[in-house]
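Protein chains in written order, with numbering that gives the first Met the number 0: chain A, 0 to 884; chain B, 0 to 97.
Take these hints with a grain of salt, some might be off.
[Unchecked claim] Which chain B residues face chain A? A few, computed with CB under 10 Å, are given here: (1) His12; (2) Gly13; (3) Thr15; (4) His32; (5) Tyr36; (6) Pro37; (7) Arg41; (8) Asp44; (9) Lys60.
Derived from the structure by calculation, the hints contain no laboratory data. In this text, a Cβ means the ideal position worked out from N, Cα and C, and glycines have one as well.
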Amino acid sequence: MSWIRFLRRRHWDEERSKEIEGYLEIETADNIARGMTPGDAADAARRKFGNTTLIREEIYRMNTVTWLESIGQDLRHDLRTMLANPGFSLIAILSLALGIGANTAIFQLLNAVRLRSLPVRNPHELAQIKIVGGNHGMGLNDGPDFDITRPMWEEIRRDHSPFSGVFAWGQKNVAVGEGKDFQEVPGIVVSGDFFRVLGVEPWRGRLLAPEDEHSCPESTAVVGYAFWESKLGGREIDSNTKLFLDGQFKQIVGVTPPSFFGLAVGERFDIALPECMPKQLSRNVFEESVMGRLKPGWTLATASAQLEGMSAGIMAATEITGYDSSTVQRYRQFKLAAYPASNGVSDLRRAYDSSLTLLMAITGLVLLIACANLANLMLARASTREREIAVRLALGAARTRVLRQLMVESSLLAVIGAAAGIGLAQLLSRALVLSLSNEGDSITLSAGIDWRVLLFAAGVATLTCVVFGMAPSLRASNADPVTAMKSGGRGMTTGRERFSFQRAMVVTQISVSLVLLVGALLFVRSFHNLVTFNPGMREEGITLAFIGFQKSNISHDHLEGLKRELVDEVRSIPGVLNVATTTHVPLIGGSWGHQITIGKMEGGAHFTWASPEYFETMGIPLVSGRGFTDTDTMASQRVAVVNQTFVRRFLNGIDPIGQTLRTHPEPGYPSTIYQIVGVMADSKYENLRDETTPFVIAPSTQFPDQRPNTAMMIHSGLPAAVIADSVKHSLGEKHPEIVVYATSFQTRIRNGLLRDRLMAMLSGFFGLLAALLGMLGLYGVISYLVTQRRNEIGIRIALGANRGQVVRMVMREAGLLLAIGVMIGSGLSLVAGRTAESLLFGLKSSDPLTLGCAIGLLVGVGVLASFIPAQRASKLDPMTALRSD
Amino acid sequence: MLILQAIAPGPAHGHTIANVIEHRSEDVLLVEHGSLYPALHRLEDRGWIASFWGTSENNRKARYYRLTATGRKQLCVETSRWERVVRAVNQVLRPAEE
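Just chain A, with the same shape it has in the complex (with noise of 0.2 Å):
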């Protein structure tokens, strides 16, 4: 009701003012008729109805709520001051868009990597059933969300009493199509209950069931949504729809729904096939991530407690098989518990979600000095409208009144600028997306917006506006309108305390500032330290090449021929300088490791098989001893060329050459002696910020377990473009059931560095912009002090103080004010520093010279804000400066 009367006050108030025009025309007629004339019947009418303006405004109170329309009128003043001045507007706005928008984005990404639940039914009752601990790098790993081997599977299936149903998946690539259009796409393996479990319902046909989980080869697949739009044309399921997956025509029975991207937050499946389980399981291959839903009444913490209790039960029933006896009782120890699954798994989220709360920090520090910027802006803007303020309280407004007035302005820049922030931010977190991902592994992230993204974004569009908007208004509002009026433009010297604030802010943004450009050097630097790292190889001018010659049909025993034959055809393109194999490429990630007994020392050492060119191709030297030869072969002694960390750790003193070490045994790596024939320099191993750990290289040609794949190093003065090229080319000529995939090493390595050149790039970014800011800021509140007591500069000029000591005065006060600032900073700096370490190579967070380098960029450029105002105090004409205003 009352709204309805709200909206149609306009409305009545024309109708009771005609109304009222008729009582007095009613009225003059009647007095009229008695006898006055016209004028006097008028006004006689008049005096009886009273005051016909007080009537209207009385029942319009009656319509309407006051403090709305009077918001209201708020609103429409404040458009107007905005619209007549329009500079400061349009800076306030976009810094705040700038600040709200970079939040915003960083925000989103976090919430979608970090916080959203899975699109599945009651996320949260999902847990993750996991080693505690983890395998602890025993068999063969496929990551650390899935570390349960598929006999230890069988065995949770038959008994999960916490839970109302559990799943097992994994994550395999499948290969779609053949010949011209073959291609790899990512492919999820999945037991027959997960999509019951999870609750996930058919887009079209239906979802796999344990029905079709038993036949072996699997015969039946779902595909995902994204994959059924592109690649079949959205066309409707039946009993034709086939796809050729993995070699053979798989009957395809449904489509996920366009929000079920998997459970790995970061990534996505096309694909998902049914698991098979082959008669004999392998029982040292940890691949499957197993869930279950939680049954009502369970907890984690109470389905862990019943979990630890089956373990040593599963433990026994799978035990580990082909190990030493340590190994084995190692793996009779693990318990299982239970883990919060409602936010899916991901290797993105472990990546980067340091690096994404410090950017989080970092944002809102830069947010925090655009706020104190505006603060500064509005403040110095309230002065000049201090005396437009000082009629209005002179003339009864109340003081609420005046400060929502100006509240009420600050909301609106507020808005105003988180409109244009979130809008900045779409664009920002699809550009970051776009940056993290690279041609290797694209990254799958909807990083939209959600209420969580809303109402973070009206948080702190709120919490800037209290920042910015309150001290001014109350400022402001408490000006007493005698003094203002009277000292209103004059450019006497106001106290020291009215200042105070402004220098509070500006020693704030300054001390942030020198935080986040300290940051922002850190990174940058840790960066450089990475790529100019020498990683004691070759990186420059190697073309990585992956061969795979699983169609060659060629046997076991002759597989070292062929790829000594390939090597040899590679070795022959003009512009190639050497060629190497080897079963573990360096510093791209992944490692080879073998628990190793050598004389009475146990422990583990990564292992790689290389052909005898290895070291020279990467410019590995050797210390001592030799290298390989073609003449150790599968028929003689094992030999094995170690790095010197391996000799400081296990062979303290001894000369290392002719020792021997036996390879703990493993399936398909029966336990073997090595003898070392020679020491090789250190180099790194899996990626360039490891410590250096124990590594053996073992010749190629006794690689126990040759596959019809291998890696080749080619070194080469070319591109690497040009090198993947011809490698194609010429092997493709001659082997052309070959499959052949070519990459820069060196972009390789970059890849993986992805994250330090983010942070690098952003942080800098975001350092400079703050650095910047408390620039401005500075330079505002010392150019506005020199207005503000231009008065006082005259009058010492006059008196005969020359430039010099003018410019020395202003310039003390800015010193002060950098100097406290700077002094914060440091001690800031090096306390939020320590969040940072981890993520820092090759540096210390307290490093000096970052810190000196800082300190002198920001100072230096701290003076020179400073000086242009002092400056332009000195060329104070006296004459002018005391006759204005």
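Given chain A, work out where chain B should sit, using these hints.
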């Protein structure tokens, strides 16, 4: 209540209502005629009276008010309550008459 009573016989416009109240009360309830209008507005808002534009006795446009059904009920309620109050006051003032 006075306004409701004034328009109880039939629709009337503001001027008439004001004069009626003034005359019936024998000029005791003499107020600025203008203050009648907020009251009319409030009553209309409560739905006790309804209004329409009409033509006055001397051919002028005027807004006429009439009682609605709720208004009539309200008038009864108010009147009886008023009478109760008057009776009570009278009894307090002149107890001897009983």
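Each hint, compared with the structure:
no.: 1; hint: His12; verdict: holds (7 Å)
no.: 2; hint: Gly13; verdict: holds (5 Å)
no.: 3; hint: Thr15; verdict: holds (9 Å)
no.: 4; hint: His32; verdict: holds (5 Å)
no.: 5; hint: Tyr36; verdict: holds (6 Å)
no.: 6; hint: Pro37; verdict: holds (5 Å)
no.: 7; hint: Arg41; verdict: holds (7 Å)
no.: 8; hint: Asp44; verdict: holds (7 Å)
no.: 9; hint: Lys60; verdict: holds (6 Å)
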